[in-house]
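K.L.:
Build out the structure end to end from the sequences listed, making use of the hints.
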Amino acid sequence: MYGRIGSLKRVLEKPRKQSHTLLPFLSFSTEDGSGYGGGGESQQQNSSSRVKIFDRDLKRVHRDRAAWLSRNKNDTFVDAVAENLLDRLEDCKKSFPSALCLGGSLGAVQRLLRARGGIEKLIMMDTSHDMIKSCRDAAQHDVSLGNSSIDTSYLVGDEEFLPIKESSVDLIISSLGLHWTNDLPGSMIQCKLALKPDGLFLAAILGGETLKELRIACTLAHMEREGGISPRLSPLAQVRDAGNLLTRAGFSLPGVDVDEYVVKYKSALDLIEHLRAMGETNALLQRNKILNRETALATAAIYDSMFATEDGTIPATFQVIYMTGWREHASHPQAKRRGSATVSFTDIHKQFGGQ
Amino acid sequence: MVRLSRVMLKEAGLAIDKTLSEILVCPLSKQPLRVCENTKSLVSDTIGVSFPIKDGIPCLVPKDGKILEEDGDASKAS
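Going line by line, the protein sequences match chains A and B.
Position 150 of the first sequence, counting from 1, maps to 150 under UniProt numbering, and the rest follow consecutively.
Position 44 of the second sequence, counting from 1, maps to 44 under UniProt numbering, and the rest follow consecutively.
Just so you know, these hints were derived from the structure itself, not from any lab.
Remember, predicted model here, so these are calculated numbers, not experimental data.
Be careful, since some hints might not be right.
[What the hints assert, rightly or not] Below 27 angstroms or equal to it, Euclidean Cα-Cα: the simulated BS3-like pairs (lysine-lysine) are:
id: 1; chain 1: A; residue 1: Lys94; chain 2: B; residue 2: Lys63
id: 2; chain 1: A; residue 1: Lys133; chain 2: B; residue 2: Lys54
id: 3; chain 1: B; residue 1: Lys18; chain 2: A; residue 2: Lys94
id: 4; chain 1: B; residue 1: Lys63; chain 2: A; residue 2: Lys133
id: 5; chain 1: A; residue 1: Lys165; chain 2: A; residue 2: Lys212
id: 6; chain 1: B; residue 1: Lys18; chain 2: A; residue 2: Lys289
id: 7; chain 1: A; residue 1: Lys73; chain 2: B; residue 2: Lys54
id: 8; chain 1: B; residue 1: Lys18; chain 2: A; residue 2: Lys264
id: 9; chain 1: A; residue 1: Lys196; chain 2: B; residue 2: Lys66
id: 10; chain 1: B; residue 1: Lys40; chain 2: B; residue 2: Lys30
id: 11; chain 1: B; residue 1: Lys30; chain 2: A; residue 2: Lys350
id: 12; chain 1: B; residue 1: Lys66; chain 2: A; residue 2: Lys133
id: 13; chain 1: B; residue 1: Lys30; chain 2: A; residue 2: Lys52
id: 14; chain 1: A; residue 1: Lys350; chain 2: B; residue 2: Lys66
id: 15; chain 1: B; residue 1: Lys40; chain 2: A; residue 2: Lys52
id: 16; chain 1: A; residue 1: Lys52; chain 2: B; residue 2: Lys18
id: 17; chain 1: A; residue 1: Lys133; chain 2: A; residue 2: Lys165
id: 18; chain 1: B; residue 1: Lys30; chain 2: A; residue 2: Lys73
id: 19; chain 1: A; residue 1: Lys212; chain 2: B; residue 2: Lys54
id: 20; chain 1: A; residue 1: Lys73; chain 2: B; residue 2: Lys18
id: 21; chain 1: A; residue 1: Lys165; chain 2: B; residue 2: Lys54
id: 22; chain 1: A; residue 1: Lys212; chain 2: B; residue 2: Lys66
P.N.:
Structure representation (structure tokens):
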């Protein structure tokens, strides 16, 4: 939501830079890549062929923070999504000896897996080192209690550049992480390639209806206080896009379904705290880095007056899109070639259907 | 705390676990990686980049990679 981390990093960076260069300002302005607040523009120029919407470095910092904020705490919303996603494994007859778990709510997936899907080897991957470490600590705590027997490996990696060998895992789970990728189709294609034939891809992403109340409140408050609007919430995939994404990535037997969760908070500030703990705060490249205190309070007030329920709590909608897809395999049902039918539908109707 | 530090020590000795070494590739070129015991890093020879291993966790985000110098570092790393 706020660009505060960006400015903090810069302040920390400054004295170090000064210590070994005589021209701190020059180096400061050219070395854009490591300053999290303004690293965006130079990156955009470097790879102009690809559209950059999200600041992946900032997201990484967000996830570092989320690792500390969510430590030893169970989040009911995140757990509900992970549980729903993992429940699908019980519907599969196949077992998945090796599984890869991508960013988002890693901890919840790991905790709730409970030997479902016959997983023997689990690989946890996230862009944040702190997040991975906190997962490892939690898992070690579990092992010491004798709860878990899955052989787990840890890895820091980027979903946009998946460092996994082709056809090497049976299952890829991504719970609430992929909506932050700049190139979602590209990431999904890489996932498909990493899967063995007949491997399963399971993902949950936030959909376009998510936080619609906050979107409205933000827009109104900005118009009222600043006379214009700037993007505070990311563009998210719509349900109809999800199916297309799966087909475009080349998954067979694609399946998409949607669930809406309404979470109730005491105030708008609690909502922001929750978003921080999930690492879901604004990481748009073209975000406005300053959030006026007045505007923030106006947003909270508008949110409260427009959406508050009778018991004084405020609801926030989270729309979660669940996607399932399989890597193609000979055992999957195939559609026959167009025009290859030898029997006319009229004949079938006469044979079987005739009232 | 004692238990934790023992685990850390064990993992620092052995650079990377077996499951990972079987499936990891370079995130950019998707070519195999080589484990370098001396520098505790994973080296992608095709593009000449080394990725660090921190606390037994390999960091394969392209931004974490260090570009190796043509001759000097490459021979040192191997």
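K.L.:
Work down the list of hints and note, for each, if the structure agrees.
P.N.:
Comparing the hints with the structure gives:
Among the hinted pairs, A/Lys94 with B/Lys63 is inconsistent with the structure: their alpha-carbon atoms are about 37 angstroms apart, more than 27 angstroms. In summary, the hint linking A/Lys133 to B/Lys54 is supported, as the alpha carbons are separated by about 10 angstroms, within the 27 angstroms threshold. Distance check on the hinted pair: B/Lys18 and A/Lys94 sit about 25 angstroms apart at the alpha-carbon level, within 27 angstroms; holds. The hinted pair formed by B/Lys63 and A/Lys133 meets the criterion: a straight-line CA distance of about 19 angstroms does not exceed 27 angstroms.
For a cut-off of 27 angstroms, the pair hint linking A/Lys165 to A/Lys212 is broken: about 39 angstroms separates their Cα positions. For the hint linking B/Lys18 to A/Lys289, the alpha-carbon distance of about 44 angstroms lies beyond 27 angstroms, and the restraint is violated. Between A/Lys73 and B/Lys54 the alpha-carbon distance is near 25 angstroms, which keeps this suggested pair within the 27 angstroms criterion. Pair hint B/Lys18 plus A/Lys264 does not hold up; C-alpha atoms about 45 angstroms apart against a cutoff of 27 angstroms.
Of the supplied pair hints, the one linking A/Lys196 and B/Lys66 is violated, its CA atoms being roughly 31 angstroms apart against a limit of 27 angstroms. Note on B/Lys40 and B/Lys30: the hinted pairing holds, with a Cα-Cα distance of about 20 angstroms set against a maximum of 27 angstroms. A distance of roughly 57 angstroms separates the Cα atoms of B/Lys30 and A/Lys350; the hinted pair therefore is violated under the 27 angstroms criterion. Distance restraint check for B/Lys66 and A/Lys133: the Cα-Cα separation of roughly 22 angstroms lies within the 27 angstroms cut-off, and the hinted pair is therefore satisfied.
A distance of roughly 22 angstroms separates the Cα atoms of B/Lys30 and A/Lys52; the hinted pair therefore holds under the 27 angstroms criterion. Taking the CA atoms of A/Lys350 and B/Lys66, the gap is near 72 angstroms; set against the 27 angstroms cutoff, the hint is violated. Proposed proximity of B/Lys40 and A/Lys52 is contradicted: the alpha carbons are some 33 angstroms apart, above 27 angstroms. For the given pair, A/Lys52 sits about 35 angstroms from B/Lys18 by alpha-carbon distance, which is inconsistent with the 27 angstroms threshold.
The straight-line distance between the Cα atoms of A/Lys133 and A/Lys165 is roughly 23 angstroms, inside the 27 angstroms bound, and the hint therefore holds. The straight-line distance between the Cα atoms of B/Lys30 and A/Lys73 is roughly 37 angstroms, outside the 27 angstroms bound, and the hint therefore fails. A threshold of 27 angstroms between alpha carbons decides the hint, and for A/Lys212 with B/Lys54 the separation of about 40 angstroms lies outside it, so the pair is violated. Between A/Lys73 and B/Lys18 the alpha-carbon distance is near 31 angstroms, which puts this suggested pair outside the 27 angstroms criterion.
The hinted pair formed by A/Lys165 and B/Lys54 meets the criterion: a straight-line CA distance of about 21 angstroms does not exceed 27 angstroms. With a CA separation close to 42 angstroms, the supplied pair A/Lys212 and B/Lys66 exceeds the 27 angstroms bound.
Comparing the model with each earlier hint shows violations of hints 1, 5, 6, 8, 9, 11, 14, 15, 16, 18, 19, 20, 22; every other hint is respected.
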